Every structure is written in C-alpha cells, then in structure tokens.
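Peer 1: Going down the list, the protein sequences come from chains A and B.
The first sequence stops at residue 233 when you use this note's numbering, and every number in between is there.
The second sequence stops at residue 233 when you use this note's numbering, and every number in between is there.
Don't take each hint at face value.
A pair holds if it fits inside one copy or across any two, identical chains being indistinguishable in the list.
What the hints assert, rightly or not - Within a straight-line C-alpha distance of at most 20 Å, the following computed SDA-like cross-link-like pairs (lysine to any residue) qualify: (1) K177 / D144; (2) K44 / E176; (3) K121 / A62; (4) K47 / R224; (5) K177 / M97; (6) K121 / E26; (7) K177 / N118; (8) K44 / R224; (9) K44 / D144; (10) K121 / G198; (11) K47 / G187; (12) K121 / H81; (13) K44 / G148; (14) K201 / V24; (15) K47 / M169; (16) K44 / K121; (17) K201 / Q142; (18) K121 / D156; (19) K121 / P109; (20) K47 / V24; (21) K44 / R172; (22) K47 / S59; (23) K201 / A217; (24) K201 / F160; (25) K177 / H81; (26) K201 / D96; (27) K121 / L132; (28) K44 / G187.
Honestly, the hints are just simulated from the structure, not real lab data.
All of these numbers come straight from a predicted model, not from anything done at the bench.
Number of protein chains: 2
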Amino acid sequence: MEIQIGVAKINKYASSESGDTLEVVERPNGGLSVVLADGQRSGKSAKLISNMVVRKVISLLAEGVRDGAAARAASDYLYTHRNGQVQSTLNVLSIDMESRTMVVTRNNPNPVLVAHGNELKALEGESQPVGLRRGTRPVISQRDLQPGLTVATFTDGLPFAGERSGAAMDVRAEFEKLLAAGHQPQGVADGLLAAALGLEKNRPGDDISVVVIGVLAEQADEVRRMWVRLPVS
Amino acid sequence: MEIQIGVAKINKYASSESGDTLEVVERPNGGLSVVLADGQRSGKSAKLISNMVVRKVISLLAEGVRDGAAARAASDYLYTHRNGQVQSTLNVLSIDMESRTMVVTRNNPNPVLVAHGNELKALEGESQPVGLRRGTRPVISQRDLQPGLTVATFTDGLPFAGERSGAAMDVRAEFEKLLAAGHQPQGVADGLLAAALGLEKNRPGDDISVVVIGVLAEQADEVRRMWVRLPVS
C-alpha cells in the first residue's frame with residue numbers, strides 16, 4: 001500500500017498572512033499526523049492562535065501522546081492562556097501504523113469527508129472548537145487503512161467560497177466528482193481549492209486550507225517522498 | 001518566485017526503522033525550515049537520537065530562535081542527556097523571508113552542495129556533529145534568494161553508496177548532471193537517490209535521505225502545496 005497526502009493552501013485575498021496553520025509530524029511509533037488549525041479572526045492575530053494550537057498538538061504527538069489527549073491538551077492550553085476569550089478549530093488526520101488505522105480528530109463544526117469505494121460519508125457530529133471552555137473534547141473516529149480510503153478536511157474558507165455571491169460551494173459534491181474522475185490526493189486537494197477560487201473569482205474572502213489523505217493499493221517503490229511548493233513575492 | 005523542496009528517503013535494506021529524521025517547520029516570521037539529522041548507529045536507537053535532535057531544533061525554530069542558536073542548543077541538549085557518548089549529524093536548510101536568504105546550517109562532516117547558474121560549490125568547511133562536546137558550533141552560510149539557486153543536503157548513506165563494491169558515488173557530479181538536465185528539486189532528489197540505489201543494487205547499506213531546495217523564477221499561482229508519499233507494507 002501507499003499513503004499519499006495532498007495539501008493546497010491559499011491566503012485570504014490581499015492578506016500577507018494566513019490565519020490557518022498546517023504542520024506534518026512523524027509519529028514515534030510509526031506513521032504521520034497532519035495537524036490543521038484555523039485561528040479566530042484573520043491575519044497576524046489568527047496566525048498566532050492557530051500556531052500556538054498546532055505547536056502544542058505536534059509536540060505532544062511527537063512524544064507519543066494519543067491524538068485525543070493532544071487535542072484536549074491544546075484546548076486547555078489555549079483556554080488557560082487566553083482566558084477562554086479566543087477559539088480555534090483543530091483537525092488532526094493521523095496515519096497510525098501501530099493500529100493500522102486512519103484516526104480523524106475533530107474540534108471543528110465543519111465536517112470531515114470520508115470516502116471508501118462508492119460510499120461517501122460526512123463526519124459531522126456536533127464538535128466544538130478548542131479554547132472556549134474547560135473540558136472541550138474532540139470527536140474521534142477511526143478507519144482501517146484499506147486501499148480506496150480517502151479523507152478530506154479543510155478550514156471554513158472552503159465551504160464559505162461563493163457564499164457572498166449567494167451560491168456557496170457544495171464541497172461534498174465537488175469531492176465526489178474529483179474522486180470519480182480518478183484523481184490522486186494532491187489532485188483532489190488542488191481540485192477542491194480550484195473550485196473555491198472559481199466561485200470567489202480568485203479573490204478568496206477567507207484563508208482556505210485543504211488536506212486530502214488517500215490509501216492507494218499500489219506501491220511504486222520503497223522511497224518516501226515529500227514535495228513542497230511555496231510561492232514567494 | 002517560487003521555492004520548491006524535494007525530499008527522497010529510504011531505509012537501510014531490510015531495516016524497518018530509519019535512523020534519519022527529517023521534519024519541515026514553518027518559521028514564525030515567514031518561510032520554512034527543513035531539519036535533517038542522522039543519529040549514531042542504526043535502527044531504533046539511532047532513530048531516538050536523531051528524533052531528539054530534530055524535535056529540539058524544530059521547537060526552537062518555531063519559537064523564532066535563530067538557526068545557529070537552535071543548532072547549539074540541540075548539541076548541548078544531546079551532550080547533557082547522553083553524557084557526550086552519542087553523536088548525530090544535523091543540517092538545517094531555511095528559507096528565511098525576513099532576510100530573504102537561504103540559511104544553510106551544518107553540523108556534519110559531509111558537504112552541502114550549492115549551485116547557482118553554472119557555478120557549483122561544496123560547503124565543506126570542517127564541521128562537527130552535535131552531542132560529543134560542550135560548545136560545538138555549526139558552520140553557517142547564507143545566500144540571497146535568487147532564481148536559479150539550488151541547494152542539496154543529504155545523510156552519509158548517499159556518498160557511502162557503492163563504497164562496498166569499490167566505486168563510491170560521486171554525489172557532486174551526479175548533482176551537476178541532474179541540474180544540467182533541467183530537473184526541478186523533486187527530480188534532483190529522486191535522481192540522486194536513484195543513482196545511489198543503482199550502485200547499491202537496491203539494497204542500501206545505510207539509511208539515505210536527500211533534500212533539495214530550489215528557487216525558481218516563475219510562480220504558477222499563489223497556492224502553497226505539499227505532497228507526501230509514504231509506502232507502507
């Protein structure tokens with residue numbers, strides 16, 4: 001098998017700083033985690049918040065702490081440091097090689113989309129962002145790592161796309177269409193972002209981050225690869 | 001402009017764990033850093049060491065600490081925790097958007113290759129691995145972020161390739177050839193690893209990690225992208 005992760009990310013139009021933070025970390029017992037947070041407000045202050053949340057989760061995951069415990073810790077940490085005045089969404093997608101599962105951790109009212117074969121499900125049980133209350137818990141679900149499994153998570157800039165002109169993006173339909181066309185995870189992430197940018201006429205009204213993780217049956221070779229592309233002005 | 005990072009990484013033959021650790025972190029004042037360490041010995045114990053070093057550097061960089069200070073801290077930390085008994089190489093390649101430079105930090109006897117246009121230079125001033133002595137300092141060099149700049153760093157598995165059969169890899173010549181053929185950073189990283197695997201008959205005698213960062217003139221769009229590929233058995 002082969003795991004592929006595709007990420008596509010853009011700032012709010014005319015904003016030099018994204019309020020979204022995304023990091024990938026290696027799990028000490030095997031596998032990888034992708035951590036995505038969207039801090040309250042936009043620009044520099046949102047970046048500080050989302051960065052604080054992601055750093056806390058990453059450092060705990062790197063020490064072998066379970067995803068759920070790391071998310072709770074990040075919530076209590078933000079609550080304590082900002083007196084419950086500031087919130088952030090938090091999503092963690094983990095490839096956990098100990099349990100051979102994909103672990104989806106949500107502190108985010110927005111759904112996470114899970115496809116397997118022809119079946120598409122939105123994980124959309126009620127879920128609170130971190131930082132506002134003591135005792136905030138994430139909603140966690142686990143799936144066996146099987147070929148054909150594809151999971152997409154995103155910040156609220158994606159479903160917000162088009163809303164200002166009265167036709168908000170149907171993320172689920174777009175995801176389904178991209179999978180049906182046979183795209184690999186990076187193609188799905190790029191396609192979702194491109195659809196959003198189309199609706200926003202290339203001037204996104206919010207930061208948008210999209211993460212897609214897929215499990216492929218085939219493994220070309222035993223090489224791990226990572227490719228990063230960073231536009232700079 | 002556009003920054004591209006390409007990484008290719010493989011374990012020593014028949015080893016389930018790599019002693020090399022590589023992580024990418026966002027810099028709080030703009031840009032990215034890639035941190036690569038190769039722990040002494042191989043397998044689980046080497047992984048623990050390299051992971052300890054990379055975690056320390058990453059957490060400091062994420063707090064805005066300068067690369068050189070982070071490398072010194074990682075050396076003192078490893079020295080203190082392992083009584084100077086264990087060493088690790090450490091390389092940091094940073095895209096620093098504050099100074100608009102590429103910062104190359106070496107605690108590694110192996111060179112870092114820097115190409116710009118037709119000029120190729122090996123940064124190979126004497127440099128000690130971290131963890132063995134108090135006061136170990138990195139060797140640092142900085143280059144302006146200009147289109148055409150390409151930097152390659154790697155763990156010693158790369159130049160070691162072919163050594164057992166009496167024809168060690170000429171990394172510099174291979175790098176030059178791949179650049180001349182017009183490859184982008186991921187293609188250069190893949191090409192260097194492929195050349196090593198050819199010399200090792202696909203049974204590498206050591207963990208091999210290759211990182212290539214390039215500055216391209218053209219910027220296709222304003223989307224940041226990351227693509228990860230993880231073979232799992």
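Peer 1: Between copies, within a copy, both or neither: which fits K47 and V24 at Cα up to 20 Å?
Peer 2: both (17 Å within a copy, 18 Å between copies)
Peer 1: First find the shortest C-alpha distance between K201 and F160 inside one copy, then the shortest across copies, and answer within, between, both or neither for a cut-off of 20 Å.
Peer 2: within (13 Å within a copy, 52 Å between copies)
Peer 1: As a check of your reading, is K47 near G187 (CA-CA no more than 20 Å) within one copy, between copies, both or neither?
Peer 2: So K47 and G187 fail the 20 Å test inside a copy (27 Å) and across (33 Å) alike.
Peer 1: How do K177 and H81 come out at 20 Å by Cα distance, when the copy is not named: within, between, both, or neither?
Peer 2: neither (43 Å within a copy, 53 Å between copies)
Peer 1: Measure nothing new, just compare the shortest in-copy and cross-copy C-alpha distances for K47 and S59 to 20 Å and report within, between, both or neither.
Peer 2: Close inside one copy (18 Å) and across copies (17 Å); limit 20 Å.
Peer 1: Taking 20 Å as the upper bound on the Cα-Cα distance, should K121 and L132 be classified as within, between, both, or neither?
Peer 2: Neither way: K121 and L132 sit 28 Å apart in one copy and 53 Å across, limit 20 Å.
Peer 1: State whether the alpha carbon distance between K177 and D144 is at most 20 Å within one copy, between copies, both, or neither.
Peer 2: neither (24 Å within a copy, 43 Å between copies)
Peer 1: Given identical chains, is K47 near R224, meaning Cα to Cα at most 20 Å, within a copy, between copies, both, or neither?
Peer 2: Result: close only across copies, 16 Å inter versus 30 Å intra.
Peer 1: Between the shortest in-copy and the shortest cross-copy C-alpha distance, which are at most 20 Å for K121 and E26: within, between, both, or neither?
Peer 2: neither (27 Å within a copy, 32 Å between copies)
Peer 1: Within a copy, between copies, both or neither: which one fits K44 and D144 at a CA-CA cutoff of 20 Å?
Peer 2: neither (38 Å within a copy, 26 Å between copies)
Peer 1: Checking an output row: K44 and G187, CA cutoff 20 Å. Within, between, both or neither?
Peer 2: Neither. Shortest intra-copy (30 Å) and inter-copy (35 Å) distances fail the 20 Å Cα cut-off.
Peer 1: Regarding K121 and P109, is the shortest C-alpha distance of 20 Å or less found within a copy, between copies, in both, or in neither?
Peer 2: within (15 Å within a copy, 52 Å between copies)
When the structure is compared with the earlier hints, violations turn up for hints 1, 2, 3, 5, 6, 9, 10, 11, 12, 13, 14, 15, 16, 17, 21, 23, 25, 26, 27 and 28 and for no others.
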